[in-house]
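Peer 1: Chain A is fixed; fit chains B and C onto it per the hints.
Chains as they are written, first to last, in the numbering used here: chain A, 898 to 1068; chain B, 10 to 109; chain C, 44 to 450.
What the hints contain is simulated information worked out from the structure, not anything from laboratory work. Treat the hints with care, since some could be wrong.
Below 20 Å or equal to it, Euclidean Cα-Cα: the simulated SDA-like pairs (lysine to any residue) are [to be verified]:
#, chain 1, residue 1, chain 2, residue 2
1, A, Lys1036, B, Phe70
2, C, Lys379, A, Met973
3, C, Lys210, C, Phe306
4, A, Lys923, A, Phe969
5, C, Lys116, C, Pro99
6, C, Lys210, A, Val926
7, A, Lys923, B, Arg35
8, A, Lys1036, B, Ser64
9, C, Lys210, A, Met973
Covered stretches of chain B (chain A as the covering partner; in silico rule of three or more C-beta atoms under 8 Å from a C-beta of chain A) [claimed, not checked]:
#, segment
10, 16 to 22
11, 49 to 60
What you are looking at is a predicted structure, and each value in this text was computed from that prediction instead of being measured. Beta carbons are placed, not taken as given, at the ideal position from N, Cα and C, and that holds for glycine.
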Amino acid sequence: MAAELVLFVILAVVAVATAVAVVVSKNPVYAVLFLVINFFALAMFYIVLAAQFIAFLQILIYAGAIMVLFLFVVMMLNLTGAIENVQDRLPLQRRAAVVLALVLIVEAGVIATTGAFRQAAVPAPVGGNFGTSGPIGAKLFSDYLLPFELTSVLLLIAMVGSVVLTRRRTD
Amino acid sequence: MLPASYYVALSAVLFTIGVVGVLIRRNPLIMFMSIELMLNAANLAFVTFARYQRSLDGHVFVFIVMTVAAAEVAVGLGIIVAIFRQRGDINIDDLNLMKW
Amino acid sequence: METEALLSGEMREYAIYFVVKLILTILVFTLWMLMVPFLIWAERKVVADIQIRLGPNRVGPYGVLQPIADAIKLVFKEDITPALADRWIYTLAPAMLMVPAFLALAVIPIGGAIHIGPRSFAIQIMGFYKGPGLYVPELDAGILLVLALSSLGVYGIVLSGWSSANKYSLLGGMRSSAQMISYELPLGVALVGALLLAGTLRLDGLVQAQAARGIWFIIPQFLGFVVFLLSGTAEVNRAPFDLPEAEQELIGGYHTEYSSFRFAMFYMAEYINMVTISAVAVTFFIGGYRLFANGFAWIQPIWFALKLVAVLYFLMWVRGTFPRVRFDQLMRMGWKASLPIALFNLLITAVALTFFPRSNTLVLSIASPVLAVVGFFALSYVIAERLARLTRERPRRATERCGAEVR
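Chain A on its own, in the form it takes in the complex (with noise of 0.2 Å):
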């Protein structure tokens, strides 16, 4: 219990500051660094709550693919910081913004720890291959195979678009 709690607080110290620091950094690769730590951080939870599938998944699709994307694009676009320099739009917008997301913290952490959330019992364990490859496909292809059907779909789709949307006039 103890030994949780002391990697629960390790985890979740990294995993916020990394956020805090992509949203606050003003070099973007900087950001897109900290985003990969975070998602590490966010795979290690993955871990301890027995989805281990899940955990090496976040680490193929979001920090080796979807993050290396985003690193191409910020190394290609090679923006300036000038770029946030600029008068908001209504006023006060920024400080008005963190303000709120301080009441919006503090109530979401309200909600989260009172009422139905709290669970002071401890979970049943789960079995040997809860979170493994073998049960999750076997859900895939039998109670959720229209929406995984759908989201080949959704994945021709999105690649046909991108090739559409990039490509370079040559007339």
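Peer 2: This is chains B and C only, laid out in the frame that chain A set:
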């Protein structure tokens, strides 16, 4: 095991940080990354509840959310690159051609 | 209460598990690390042999101390950081390439189960451990870890190219990472055929499945093996696919501005990547560490090393034989050739397994790869012929319609 509220509260905090990122940054790439942060916070909540209800439906949801996020990132970055090629500089406040 | 349980019962088992795994990790990791100097020497000797010259033969008998001489030279060079380089990323990029390369070796099984009294464990850093009161299963998604770590290697390359503040480095980095992410797909899909035959993602499970089916998967999955080796070579920027780090084209590519120990890290990372790809090929297609039965646990690492050296020799042979592939040809081969072949192999395997799910039918082992190879070439011939006929007919029809001769 820790109570579920710890993980759900962390998920809420990460989600809020993502919302703040979308609101206060003007660089569309950083805004996009904040959206990814929000999606991941939701994934964490899904996995937490899958563990505490001992049901794999949460994992299947996370699988599909990751797929949708990948598709969205591909198309979204394609749009950003296309706009950048046309205009030379991207600032979210200037992309208001469809505003009435 | 924890201190009460500390040296009795479960806690004691945890301590023994920790000690066993620590010793195993140190031993296995040392074995893998010893492959690197051996490979450096072997590569130069093998390539020299193909090019009808002697390799290194001055430093030590037959030049075996050459890697040590190289290492000493690299360590004593001056460590330069370019003035305009992004300091943090420039320093971290080689580590971002090396760490995933080394981590991927943690899941590769080099031996079967060792039984010492009531305890048994596998010769695999993340293998299973079974003791009285403690059972730690093997990592269930072993191959996913290897694929995920090879995806992470792209960061090291593209960031080292970008942070060097050098146009050629940036070009080399972008090209290399484009090549790596293009060949990740055929790499994964080529493995899925073997995974279907095995029914598990665990690397140890693959070795056992090859034993259960009674055949090395290179025979039913020959097309997959070819695509895997091709994509693996392109993935680790080796052999005929090493354009991004070629001296003639891009000076040094992404590692131009790195000197001394950081260059040594790139060098080591490339060899370790090559070893990982070969080890995965051996485990998936050539039977892994298994000798004849599940015993002989002390000889199995040697048998595995022999198979590994055979695959590595093949990779070095390819390096000395083929000329470098041009970058657009490389990308075209990745997307238009390797990926369709891998998908076709997967299709044939899945269809064959649906109708013949039993383990050792002749159909599965012999007919399906023959069908896959023959069918693929037949299909591509038919399609190419149709396309050629279409393009041949079009200009003729236009001039006939106009009726006039084109001057």
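Peer 1: Name the hints, by number, that the structure is in violation of.
Peer 2: Of the numbered hints, just 2 does not hold.
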